[in-house]
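Heads up: the sequence lines are chains A and B, in that order.
Numbering-wise (the working numbering), the first sequence opens with residue 1 and increments by one.
Numbering-wise (the working numbering), the second sequence opens with residue 1001 and increments by one.
By construction, these hints were calculated from the structure, which means they are not laboratory data.
Treat each hint with caution, since some may be false.
Claimed, not checked - According to the in silico footprint, chain B covers these stretches of chain A (three or more CB under 8 Å from chain B): (1) 8-20; (2) 101-107; (3) 232-245.
Unchecked claim - Partial pick of chain B residues on the chain A-facing surface, computed with a CB cut under 8 Å: (4) S1002; (5) H1003; (6) L1004; (7) D1005; (8) G1010; (9) G1011; (10) G1014; (11) E1015; (12) T1018; (13) D1020; (14) T1022; (15) M1023; (16) M1036; (17) A1038.
Unchecked claim - FRET-style restraints, in silico, Cβ to Cβ: (18) G1048/B / D157/A: 31 to 41 Å; (19) H211/A / A1086/B: 25 to 35 Å; (20) P1047/B / E224/A: 23 to 33 Å; (21) G172/A / T1078/B: 50 to 60 Å; (22) L1072/B / A190/A: 46 to 56 Å; (23) V231/A / M1084/B: 29 to 39 Å; (24) F1017/B / E199/A: 38 to 48 Å; (25) A1086/B / D112/A: 14 to 24 Å; (26) S115/A / P1083/B: 14 to 24 Å; (27) L1082/B / D157/A: 40 to 50 Å; (28) V92/A / G1048/B: 22 to 32 Å; (29) A1086/B / D70/A: 23 to 33 Å; (30) T1078/B / A190/A: 52 to 62 Å.
Positions of the beta carbon are idealized from the N, C-alpha and C atoms, including for glycine.
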Amino acid sequence: MARAAILGRLTWQEGTVTAVREETSTARTIALNLPGWPGHLAGQHVDVRLTAEDGYSAQRSYSIASPPDDGRLELTVQRLPDGEVSSYLDDVLEVGYPLELRGPIGGWFVWDPASTAPVLLVAGGSGVVPLMAMIRTREAAGSKAPFRLVYSVRSPDTALYTEELAERQRRGDGLDVSYQYTRTTPPGWAAPPGRINAEVLASAGWPPDRHPAVFVCGPTPFVEAVANLLVNTGHDPGAIKTERFGPTGGQS
Amino acid sequence: MSHLDGNMLGGELGELFTMDVTMAVAQCASCGTPGMIAQTMVYADAPGMIARCPSCGEIMLRLARGPDRAWLDLRGVTYLQLPMPAEP
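Same shape as in the complex, but just chain A:
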């Protein structure tokens, strides 16, 4: 990991919004131009800081959605009820606006494209964002590591990146995507709504003897439940990397 060897403190820097894309009715992707951005690793995040004229400031962490690219990055932001940062990013921010951020951050929840081991990605809601960066990086790096994504969403209309995931799966180059609907399924869906359980992970994931690298990202209770299911079905706890987010302090 070359980036980890670069010594230097993180500092806040200002980017400029170059595009915004609606992903769902409550989430959008923000593309930023950041002069001097060194690129990043798949799975890393940034801290975003908003400062009011009176000096009040609020900051939140957001996962990077795009593959590594010098001078550019994309964030996908899920709007939270009463989210003081996410509501600005999703409702107010426009192309040409400045945005203050620091990063790239984190060396732990990171997928290394040089690794050839099978990968299991388990996403709860907007926890899919850093996992999408891994999927996009896999292609950008020409990796042949087989990927499986198990994506838990409340209902079909809240799922992010569905068209891109369907297209990538159609290409058949080693990415499988399975959806788990917790409240409402699409019409004619075979399974009733419900949470991810051991059967889902056994059929849509990898057996433990394939020694997959596992990345789980979502709200804290989701991450705990999935990590426990994986460990209880024989997966190596040391191979399971988790990233929890919550409404306070963490990823909004």
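Given chain A's structure and the hints, the job is docking chain B onto it.
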């Protein structure tokens, strides 16, 4: 109260240190278990941030920020093992 991962401390600690301290191994002063800072349990809804040992739950690190200073309390850590670039 639910917790987050030590991974999220990277931004705050990255302003204080020249390296990614979330990738450092810290030994818990209470139970002696070593683990990466990234894997601690972080409670971020206090005025500062608190990282607890995933094995015993004791506080390992406290971090609070003011406009022009930072307080870092590491008394719950006996050592930090930091990854360094290899010397030639």
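Holds or violated: is the Cβ of L1004/B closer than 8 Å to a Cβ in chain A? With Cβ-Cβ at 4 Å, under 8 Å, it holds.
So the hint says 50 to 60 Å: do the beta-carbon atoms of G172/A and T1078/B match that? With Cβ atoms ~51 Å apart, the hint holds.
Should the hint that G1010/B touches chain A count as held when the rule is a Cβ pair under 8 Å? 4 Å, holds
Interface hint outcome for G1011/B [beta carbon to chain A under 8 Å]: Constraint on G1011/B satisfied, holds at 4 Å.
Grab the minimum C-beta distance from E1015/B to chain A and call the hint holds if it beats 8 Å, violated otherwise. 5 Å, holds
Taking the closest Cβ pair, is T1022/B under 8 Å from chain A? 6 Å, holds
CB-CB spacing for D157/A and G1048/B relative to the 31 to 41 Å hint: 39 Å, holds
Consistency of beta-carbon spacing, E199/A to F1017/B, with hint 38 to 48 Å: This hint holds: roughly 45 Å between Cβ atoms.
Cut-off 8 Å, beta-carbon criterion: hint that H1003/B touches chain A: Holds, because the Cβ-Cβ distance from H1003/B to chain A comes to roughly 7 Å (cut-off 8 Å).
How does the coverage statement for the region 232-245 of chain A fare against chain B, requiring three or more residues with Cβ below 8 Å from a Cβ of that chain? holds (count 4)
Range hint compliance [Cβ, S115/A to P1083/B, 14 to 24 Å]: 18 Å, holds
Regarding the hint that G1014/B lies at the interface with chain A, is the smallest CB-CB distance below 8 Å? 4 Å, holds
Going through the hint list in order, the structure satisfies each hint without exception.
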